[in-house]
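*Asks:* The residues making up each chain are set out below.
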Amino acid sequence: MSTSILPLLLAAALALVIVAWLGGRFAGRAIGWAIATGLGSLFAATVALWATKTAETLDASQSWLPTLGLALRLRLDGLSLLFALVVLGIGALVMAYCVNYLPPGRHGPFYALLTFFAFAMLGLVLADDLILLWVFWEFTTVTSFLLIQQVGPKGRRPAIRTFVVTGAGGLSLLAAVTLTATATGTTRLTDALASPLWTQRPATTALVGTLVALAAFTKSAQFPLHAWLPDAMVASTPVSAYLHAAAMVKAGIYLLLRFSTAFAGTPTWTLLLVTVGLLTAVYGATLALRRHDLKELLAYSTVSQLGFLVATIGVGTGYALVGAVVHVVAHALFKSALFMSVGLIDHSAGTRDLRRLSGLRRSMPATAVLLSVAAASMAGLPPLFGFVSKEAMFKGFAAAPWASGLVGAAIVVAVAGASLTFAYSARMLLPLFGPPMDAPPHEAPAAMIAPVAVAAGGGVVFGVADPLLTTFITDAARAIAPTASEADLSLWHGLTPALGMTLAVYVVGALLVIGRRRVESVQGAFPTPRRAVDVLEALISSSVRAGRRLGDLTRSDALFRHLLPPLVAFSIIGLAGATASGWRLPADSTTRPLDWAMLALIAIGVVLTLRARSRVALVTIVGVAGFAMAVLFVSLGATDVALTQLLVEILTVVVMVLLLVRLPTSFHVVRRRRLRVALSAGVLAGVAMLGVALVVVGADFLSDAGRTYLARTKELTGASNVVNSILVDFRAFDTFGELVVLGMAGVATAVALQSRGLLPLRPSPLVVPDDSPAADPVANGLVLRVIDRLVGPLLVVLSLWFFMRGHYYPGGGFIAALVASAGLCLIFLAAPDDRVARLRGSAMRLIGAGIALATVVGLVGLAVGSFLRPIGTKVADFSISTALLFDVGVYLAVIGLVLAALRLLGTDSDARPPRRRPTGITVKGGE
Amino acid sequence: MAIALTIALLFGAGVFMILRRGLLRVIVGFVLLSHAVNLLLVASGGLSRRDAPIGTALDPSTTADPLPQAFVLTAIVIAFAVTVFLLVLSVVGDGDDDTELSLEGRAMELPDLDEDDEIVAFHRAHQPTNWHAYLDRTDDTPDTPDASERRGVR
Chain A
168 MSTSILPLLL
178 AAALALVIVA
188 WLGGRFAGRA
198 IGWAIATGLG
208 SLFAATVALW
218 ATKTAETLDA
228 SQSWLPTLGL
238 ALRLRLDGLS
248 LLFALVVLGI
258 GALVMAYCVN
268 YLPPGRHGPF
278 YALLTFFAFA
288 MLGLVLADDL
298 ILLWVFWEFT
308 TVTSFLLIQQ
318 VGPKGRRPAI
328 RTFVVTGAGG
338 LSLLAAVTLT
348 ATATGTTRLT
358 DALASPLWTQ
368 RPATTALVGT
378 LVALAAFTKS
388 AQFPLHAWLP
398 DAMVASTPVS
408 AYLHAAAMVK
418 AGIYLLLRFS
428 TAFAGTPTWT
438 LLLVTVGLLT
448 AVYGATLALR
458 RHDLKELLAY
468 STVSQLGFLV
478 ATIGVGTGYA
488 LVGAVVHVVA
498 HALFKSALFM
508 SVGLIDHSAG
518 TRDLRRLSGL
528 RRSMPATAVL
538 LSVAAASMAG
548 LPPLFGFVSK
558 EAMFKGFAAA
568 PWASGLVGAA
578 IVVAVAGASL
588 TFAYSARMLL
598 PLFGPPMDAP
608 PHEAPAAMIA
618 PVAVAAGGGV
628 VFGVADPLLT
638 TFITDAARAI
648 APTASEADLS
658 LWHGLTPALG
668 MTLAVYVVGA
678 LLVIGRRRVE
688 SVQGAFPTPR
698 RAVDVLEALI
708 SSSVRAGRRL
718 GDLTRSDALF
728 RHLLPPLVAF
738 SIIGLAGATA
748 SGWRLPADST
758 TRPLDWAMLA
768 LIAIGVVLTL
778 RARSRVALVT
788 IVGVAGFAMA
798 VLFVSLGATD
808 VALTQLLVEI
818 LTVVVMVLLL
828 VRLPTSFHVV
838 RRRRLRVALS
848 AGVLAGVAML
858 GVALVVVGAD
868 FLSDAGRTYL
878 ARTKELTGAS
888 NVVNSILVDF
898 RAFDTFGELV
908 VLGMAGVATA
918 VALQSRGLLP
928 LRPSPLVVPD
938 DSPAADPVAN
948 GLVLRVIDRL
958 VGPLLVVLSL
968 WFFMRGHYYP
978 GGGFIAALVA
988 SAGLCLIFLA
998 APDDRVARLR
1008 GSAMRLIGAG
1018 IALATVVGLV
1028 GLAVGSFLRP
1038 IGTKVADFSI
1048 STALLFDVGV
1058 YLAVIGLVLA
1068 ALRLLGTDSD
1078 ARPPRRRPTG
1088 ITVKGGE
Chain B
61 MAIALTIALL
71 FGAGVFMILR
81 RGLLRVIVGF
91 VLLSHAVNLL
101 LVASGGLSRR
111 DAPIGTALDP
121 STTADPLPQA
131 FVLTAIVIAF
141 AVTVFLLVLS
151 VVGDGDDDTE
161 LSLEGRAMEL
171 PDLDEDDEIV
181 AFHRAHQPTN
191 WHAYLDRTDD
201 TPDTPDASER
211 RGVR
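Here the protein sequences come in this chain order: A and B.
First residue of the first sequence? That's 168 in my numbering, and the numbers climb one at a time after it.
First residue of the second sequence? That's 61 in my numbering, and the numbers climb one at a time after it.
Treat the hints with care, since some could be wrong.
What the hints assert, rightly or not - If you anchor each label on the Cβ, the simulated ranges turn out as follows: (1) B:155 x A:900: 38 to 44 angstroms; (2) B:155 x A:961: 39 to 45 angstroms; (3) A:185 x B:155: 50 to 56 angstroms; (4) A:900 x B:117: 26 to 32 angstroms; (5) A:844 x B:155: 23 to 29 angstroms; (6) B:155 x A:921: 15 to 21 angstroms; (7) B:155 x A:1030: 50 to 56 angstroms; (8) A:958 x B:117: 34 to 40 angstroms; (9) A:729 x B:117: 51 to 57 angstroms; (10) A:1029 x B:117: 31 to 37 angstroms; (11) B:155 x A:231: 54 to 60 angstroms.
Claimed, not checked - Which bits of chain A does chain B cover? Going by a derived footprint, with three or more residues having C-beta under 8 angstroms, they are: (12) 721-735; (13) 772-779; (14) 794-800; (15) 805-816; (16) 833-841; (17) 869-877; (18) 973-987.
Note that these hints are calculated values from the structure, not bench results.
This structure is a prediction, so every number in the text was calculated from the model and none was measured.
The beta-carbon is built from N, C-alpha and C at its ideal position, and this holds for glycine as well.
In isolation and in its complexed conformation, chain A is listed as follows:
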C-alpha cells in the first residue's frame, strides 16, 4: 500500500492546484477556505500515513528509464515528514489568511501559484531521486518568480533579481547532482548519500559540498547572496508569509540537512557553513536594527535566523542537528505569525512604518497580543517554543567537537547575533506603545486573526508541552544521522552552558534595548554599506551589455556579415582536416587532357564572372562554367548528369534574363577593403577545398553499393541505365523527397510573389528611334517565332523520346521534363507581349499532380513489400514497371516548377515600352 500512497499525495496536491485556479476564477477569494481545508487534510493524511506505517520509512518508486537506472522515487522519512508538515500546515494557515486579506474579486492565478508552490515544496521534500530533487527545486524558483511578479509592474525588477540569484543556485545544484550521480553511479538519493565515496575522495566531497552549499545559500539568502530577500518584500504579505518565512527559504535548509548525511564533519562543509551562517546571522540582525519598515525588518530578520540555522547545521553533531530541526519548526511558526500580523497592521493602518505607528495595543489589542507573543518567541523568551529552539541551538554550539578557541569564538558570535535578535524583536514592539494615532486603525476581523492565532499559539503550545514534538524531532534527526540520541526538549535542562548563553543574550539584549538611542546614533555614524541590490543590478546589467556586444558581431542584416564567419570557419576546418590527412598530390595519370582543357575554360569563365561590371554581362557569362561542367561530366562517365546540368544551366540563364528587366543595370558599389576581405575569404576557401578535393579524389575505389548496382541492376529491374534505375527503382524515396522540394520551391515562389509583389519593370537604358526595327516588339520577335514553329514540335517529340528511353539510354523523367521546359521557355521568350504569353494551366496543379501520382505509385508498391517498390511486367521484350508511372510524376512536377517560374516572373500587366526619341540612337546611363 505504501508504494502507491506517496504519489497519490503529490497528485492530490497537484489536483488542489487546479481546484485553486478554477475556484479562484469562479468563486473569488473565498476559495481560500477550500484550499486551506485541502492542505489541512493533506497534513492530516501525512500524519496518519506516518502513524500507521509498517516499515521504517515509506517508499514509492516508478520506473522511468530502466536502462539508465532512472526512476521517479519518493520517500517519506522523519526529515521529509517534518518539512512536509511545516509546508502543508503553514500553507493552510496562509490560505485561510488570504481569504480576507486579498481584495474581493478573481484571484485564480495567485491561488494556483501559491498552491503550486506548496506542491513543489512537497515534491522537493518527498523526492528520493537526485534529478527529481533538482526538478522540484527549479519549480520553486520559477514559481517564486511568478508570485513576486503578481504584484504588478513594481514587482518586475525584484522578481528578475530573485530569479537570477536563485537560478544561479539551481545551476550550482545541477552541477552537484550531476557530479554526485556520476561519481556514485546512482541517482537514488539515499544510496548516493550513503555511498563510501564521501569518505574516500576528499576532493570530490569538498567540491560537491561547496556546490550544494552554494545552492542552499542562494535559496536561503545567506551573505552575500541575501540581496533578493528584502528585495522580494514588494510581493504581497501572504506570499512573503509563505515563501519567505516558511517554505522557499526552508528549501535550502532542507537541502543542507539532507546532505548532512554525507557531508557532516568534513572540514570544508563545516567551515563554509559555520562561517557564512554566523556572519549572515550577525549581518542580518545588524541591518534589521536599522529598518523602519516592519516588513523589511522581518526580511532581514529572516536572513539572520537562516544564518543561525545554517551555522547550526554546519556544526553537524547530533545535538546540533536536533537544534536545527527544532528551530525550523519554531521559526516557521513565529515568522509566519509575524508576517501575517504585520500584514494585519498594514491592512488596517495603511502603513508599515515604525515611526508612524503608535498606540496599537489600544487600537488593535488582539493583533498586539499576537505580535508580542510571536516577537517574544523570536527573541527566545520562555516558556515559548522559540526559547526551546534557541537553547537547543546553543547546546549544539557549546558541544561542538572543535578546538576550544574556535568553540569559544562561535559562542561569542552566536550570543552577539542572538542579542541583536532580542533587540530587533523589541524594536518590532515599538508601535504598540505610545499615544494613539490620529486615525487609529481598527481591529482586524476574527477570520483574519484566527490563522495568526494558530501560528502564534503553536509557539506557546509547543513551548509548554514539549514532549508533543519529541518523536517527530528525533525521527527527523535520526533520518540524517542514525546515531543521534533522542531529542530532549524541555524548558529546563539544569545549569548548562546553553542556559548561560541564553542569560547572556538577555542581558546584552536588554542593554541594547534600553540604550537604543545610543545604538541608533552609533549606527548612524557608520555609512550605509553599498546596497547588495545595487551590486546585483550592476551584475545583471553588465552581463546584459556583454551579451549585447557579443550579439553585435552579427546583428546587421547584411548577408556579408552573416556569411563571412561560418565560411571562414569551415575553410579553416577543411584546411585542418586536409593537413591532418596529409596533402596528397597525385602523381599518377588519372587526369586526361580534356580535364585540363575544361579547367582552362572554366578558369576563363570564372574570371570573367568575377569581373563582370553589369548584370547583363554577369548573366551572359555565368553559363560558361555550367557548360564546361557538362562536358566534364561526360568525360567522367556521368552522361545523365551532364544532360541534366546542361539543361538546368540553360533554364537558369533564361529565368535570370526574365529578371534582368526589373533590376538596375549596374551593381552596387562597396569599399575596396570589403572586396579585399571577400577575396581573401575566397582564396582561403579555395585552398581548403583543394586539400579536401585531393583527399576525396585520391581515394579511388568503387563502393560496395555501386558494385552491387552495376552487377545486379539488369536482373533486378531490367534496366540498362544504372543511374536512372537507382533514381526511380532503388532509391525512389529520395527522388520522392526531391519532388517535394520542388513543390515547396514552387509554393514558396508563389507565396513570395503574392505577399510582396514583383518589382516594377525598369525603364530600359536603350533609347530607340521610331524608324528602327528594334522599336516594334512584334517585328523584333519574328526570327524567334519562326524558329519556334520548327523547333517546338521537335522539342516535344524529343522530350517524349528521352522519357521513354530513360531506362536503357541516357534520359529519364528529369531530362525529358527539362527538355520540355526548354520548349516552354522558347514560347515565352518569343511572345511579343503578355497576352500571347499567357500559358494555360496552373503550375501549382501540375506540381501537385506530379507528387500525387508519385504517392499513389508508392502506395501501390506497399502491396508488394514497401513504399515505392516497383512492380514490373514484360511486354514483348520490353520491361514496363510502375517506375515508369513514377517517372511521369517526376515529369509533371519539374514542368510545373519551371512553368511557375516562367509564368509568375514573366508576366506583368503594366509593362513599360522603351523610351523613344526621334533624334537618333543614344544610350543613357548604364554601360
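Dock chain B against the given chain A, drawing on the hints supplied.
*Replies:* Same frame as chain A, but now just chain B:
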C-alpha cells in the same frame, strides 16, 4: 589533379561571389558553389574509371561509380529549384536586390527626364556624396567616403 584544381577554383570563386553585395551576385556565387560540390561528388567515385554505367555486362574496373552520379542528379535539380526561389526573392519587395541597408553605393534610378543637365542635376541633388565618384569612375572599384557602413544595426 586538374579536377581537384577545378573544384577548388569554382569553390573559391563561389565563396567570393557570395560575399558580395547584391542578391544576383550572391545567387551566382551559390551556383558556382553547387558546381564545385557536384563535381566533387561525381569525382569521389574515382577518376581512373570513366566509362558510363549504361548497358549490360558492365566491367567494375572501368565503369564509373553510379551512386554519386545519382546523388548529383538529384542535387542539381534541387539546386535549380532553390536558385529559382532565390531569384524570385531578388525581385520582390521594393527597391532592388540590395542585401545591405546602407545607402552608400546604391545603383542609380534613372528618372524620366529629357535633358542631360536636368538628369545630372537631379542626381546631384539626391545623392550628393558618391554620385561624382560614380560618374567619374574608372575600371577600378572606387573607394567610397568615410561614412560608416553599418547603418543596419538594430
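*Asks:* Hint by hint, say whether it matches the structure.
*Replies:* Hints, one by one, checked against the model:
Remark: the range hint 38 to 44 angstroms for residue 155 of chain B to residue 900 of chain A is upheld by a beta-carbon distance near 42 angstroms. With their beta carbons about 42 angstroms apart, residue 155 of chain B and residue 961 of chain A fall inside the hinted range of 39 to 45 angstroms. Between residue 185 of chain A and residue 155 of chain B the beta carbons are some 54 angstroms apart, a value that agrees with the proposed interval 50 to 56 angstroms. For residue 900 of chain A and residue 117 of chain B, the Cβ-Cβ distance of about 29 angstroms falls inside the hinted range of 26 to 32 angstroms, so the restraint holds.
A C-beta distance of roughly 25 angstroms is found between residue 844 of chain A and residue 155 of chain B, which places it inside the suggested range of 23 to 29 angstroms. Under the hint 15 to 21 angstroms, the C-beta atoms of residue 155 of chain B and residue 921 of chain A, about 19 angstroms apart, fit the expected range. Between residue 155 of chain B and residue 1030 of chain A the C-beta distance comes to about 55 angstroms, which sits within the given range of 50 to 56 angstroms. Checked against the hint of 34 to 40 angstroms, the pair residue 958 of chain A and residue 117 of chain B passes, with Cβ atoms roughly 38 angstroms apart.
At roughly 52 angstroms, the beta carbons of residue 729 of chain A and residue 117 of chain B sit within the given window of 51 to 57 angstroms. Checked against the given bound of 31 to 37 angstroms, the beta carbons of residue 1029 of chain A and residue 117 of chain B, roughly 34 angstroms apart, stay inside it. Separation of residue 155 of chain B from residue 231 of chain A is about 56 angstroms and conforms to the stated range, judged on CB atoms against 54 to 60 angstroms. With 9 residues having a Cβ less than 8 angstroms from any Cβ of chain B, the segment 721-735 of chain A passes the three-residue criterion, so the hint holds.
Counting residues of the segment 772-779 of chain A whose beta carbon lies closer than 8 angstroms to any beta carbon of chain B gives 3, which reaches the threshold of three, so the coverage claim holds. Counting residues of the segment 794-800 of chain A whose CB lies closer than 8 angstroms to any CB of chain B gives 3, so the stated coverage by that chain holds, three being the minimum. Counting residues of the segment 805-816 of chain A whose beta carbon lies closer than 8 angstroms to any beta carbon of chain B gives 7, which reaches the threshold of three, so the coverage claim holds. Judged by the Cβ-Cβ criterion of 8 angstroms, the segment 833-841 of chain A is covered by chain B as claimed, because 8 of its residues qualify and three suffice.
With 7 residues bearing a CB less than 8 angstroms from a CB of chain B, the segment 869-877 of chain A meets the requirement of three and the coverage assertion stands. For the segment 973-987 of chain A, the stated coverage by chain B holds: 4 residues have a C-beta nearer than 8 angstroms to a C-beta of that chain, and at least 3 were required.
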